[in-house]
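J.: Numbering (the working numbering), first residue to last: 172 to 358.
Since the hints were made in silico from the structure, they are not lab data.
Do not rely on the hints blindly, as some may be mistaken.
Okay, derived cross-link-like pairs now, SDA-like style, lysine to any residue, Cα gap no bigger than 20 Å in a straight line [unchecked claim]:
{"no.": "1", "residue 1": "K184", "residue 2": "L313"}
{"no.": "2", "residue 1": "K184", "residue 2": "G275"}
{"no.": "3", "residue 1": "K184", "residue 2": "Y309"}
{"no.": "4", "residue 1": "K184", "residue 2": "R250"}
{"no.": "5", "residue 1": "K184", "residue 2": "S195"}
{"no.": "6", "residue 1": "K184", "residue 2": "E270"}
{"no.": "7", "residue 1": "K184", "residue 2": "S204"}
{"no.": "8", "residue 1": "K184", "residue 2": "N243"}
{"no.": "9", "residue 1": "K184", "residue 2": "T292"}
{"no.": "10", "residue 1": "K184", "residue 2": "D336"}
{"no.": "11", "residue 1": "K184", "residue 2": "Q230"}
{"no.": "12", "residue 1": "K184", "residue 2": "A294"}
{"no.": "13", "residue 1": "K184", "residue 2": "G296"}
{"no.": "14", "residue 1": "K184", "residue 2": "V316"}
{"no.": "15", "residue 1": "K184", "residue 2": "P229"}
{"no.": "16", "residue 1": "K184", "residue 2": "A194"}
{"no.": "17", "residue 1": "K184", "residue 2": "L326"}
Now the in silico label distances, taken between C-beta atoms and shown as ranges [unchecked claim]:
{"no.": "18", "residue 1": "Q241", "residue 2": "G218", "range": "21 to 31 Å"}
{"no.": "19", "residue 1": "A240", "residue 2": "S356", "range": "21 to 31 Å"}
{"no.": "20", "residue 1": "T324", "residue 2": "A240", "range": "31 to 41 Å"}
{"no.": "21", "residue 1": "T288", "residue 2": "Y309", "range": "43 to 53 Å"}
{"no.": "22", "residue 1": "S357", "residue 2": "Y201", "range": "51 to 61 Å"}
{"no.": "23", "residue 1": "D311", "residue 2": "T219", "range": "46 to 56 Å"}
Where a beta carbon is used, it is the ideal one built from N, C-alpha and C, also for glycine.
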Amino acid sequence: NVNSTPLWEGATKTLDSSGIQVASFTFYWYETSSSSGSSLSFIDSSGTRILSVGTNNPQWRTDDADGGAQFNDASGTDRWIEFEIVFDWDDGTYTLNAEDQQSGLTDSHTGPLYAATDVDTIATGRPDWASSGTVEWYLDDLQYVDPTPSAPTNLTATPSADTIDLSWDGVTKDDGGYVVYRALSSG
Numbered sequence: 172n173v174n175s176t177p178l179w180e181g182a183t184k185t186l187d188s189s190g191i192q193v194a195s196f197t198f199y200w201y202e203t204s205s206s207s208g209s210s211l212s213f214i215d216s217s218g219t220r221i222l223s224v225g226t227n228n229p230q231w232r233t234d235d236a237d238g239g240a241q242f243n244d245a246s247g248t249d250r251w252i253e254f255e256i257v258f259d260w261d262d263g264t265y266t267l268n269a270e271d272q273q274s275g276l277t278d279s280h281t282g283p284l285y286a287a288t289d290v291d292t293i294a295t296g297r298p299d300w301a302s303s304g305t306v307e308w309y310l311d312d313l314q315y316v317d318p319t320p321s322a323p324t325n326l327t328a329t330p331s332a333d334t335i336d337l338s339w340d341g342v343t344k345d346d347g348g349y350v351v352y353r354a355l356s357s358g
């Protein structure tokens, strides 16, 4: 599943499938030269901020369990930057990949999450690292990829005269993530 949602400054948005361990987020970021920096924060289902990413105009920054870090001096403002965040929930880490769409400059940063739980809400705002002043930036094409659920265990099929009853032990938080298909032919 790929989901897309609009977002604006000072806004929060609960994901379509809230409280899930999303595989990744991608989005495009554009900040004007007169902006003082802004961020996009990821908040879990208990209200804990697990990660913030953004800019300090024009430096690319993160705020994670290691604290705030600048990971690129960037190549300027008034241009689109593509960000991709890939979560490793088992290790409690993320990798942020960024690419300046004008210059082609790329960089990445891996760090620990504040909490390796889930993502429920995303929020925009002015981070602690930004100086006071104007916030002028745009966010476009924000998408997240739902994780593929793990295969269920102990799957059994019990046939009767006109039905087959299936049962299994789910290994996800919500067995609603499983879809059962009937094949009309073997193979």
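J.: Against each hint, give a clear statement of whether it holds in the structure.
T.: Against the structure, the hints come out as follows:
A threshold of 20 Å between alpha carbons decides the hint, and for K184 with L313 the separation of about 11 Å falls inside it, so the pair holds. A distance of roughly 30 Å separates the Cα atoms of K184 and G275; the hinted pair therefore is violated under the 20 Å criterion. Straight-line distance between C-alpha atoms of K184 and Y309 comes to about 16 Å, which keeps the hinted pair within the 20 Å bound. For the hint linking K184 to R250, the alpha-carbon distance of about 25 Å lies beyond 20 Å, and the restraint is violated.
Proximity of K184 to S195 is assessed by CA-CA distance (about 16 Å); at most 20 Å being required, the pair is judged to hold. In summary, the hint linking K184 to E270 is not supported, as the alpha carbons are separated by about 25 Å, beyond the 20 Å threshold. Pair hint K184 plus S204 does not hold up; C-alpha atoms about 27 Å apart against a cutoff of 20 Å. For the hint linking K184 to N243, the alpha-carbon distance of about 28 Å lies beyond 20 Å, and the restraint is violated.
Restraint check: the Cα-Cα separation between K184 and T292 comes to about 5 Å, which is no more than 20 Å; the hinted pair holds. For the suggested pair K184 and D336, the alpha carbons sit about 39 Å apart, so the restraint of at most 20 Å is broken. Of the pairs offered as hints, the one joining K184 and Q230 is violated, with about 25 Å between alpha carbons and a cut-off of 20 Å exceeded. Restraint check: the Cα-Cα separation between K184 and A294 comes to about 6 Å, which is no more than 20 Å; the hinted pair holds.
Straight-line distance between C-alpha atoms of K184 and G296 comes to about 12 Å, which keeps the hinted pair within the 20 Å bound. With a CA separation close to 16 Å, the supplied pair K184 and V316 stays within the 20 Å bound. With a C-alpha separation of about 25 Å, the suggested pairing of K184 with P229 is violated against the 20 Å cut-off. Among the hinted pairs, K184 with A194 is consistent with the structure: their alpha-carbon atoms are about 18 Å apart, no more than 20 Å.
With a C-alpha separation of about 37 Å, the suggested pairing of K184 with L326 is violated against the 20 Å cut-off. Evaluation of the 21 to 31 Å hint for Q241 and G218 yields a pass: the beta carbon distance comes to about 27 Å. Roughly 55 Å separates the CB atoms of A240 and S356, a value that falls outside the hinted 21 to 31 Å. Between T324 and A240 the beta carbon distance is about 40 Å. The supplied range of 31 to 41 Å therefore holds.
Between T288 and Y309 the Cβ separation comes to about 29 Å, which falls outside the hinted range of 43 to 53 Å. Range check, S357 to Y201: about 53 Å between beta-carbon atoms, so the 51 to 61 Å window is met. Look at D311 against T219: about 27 Å separates their beta carbons, and that is not inside 46 to 56 Å.
Going down the numbered hints, you'll see the structure goes against 2, 4, 6, 7, 8, 10, 11, 15, 17, 19, 21 and 23, while the others check out.
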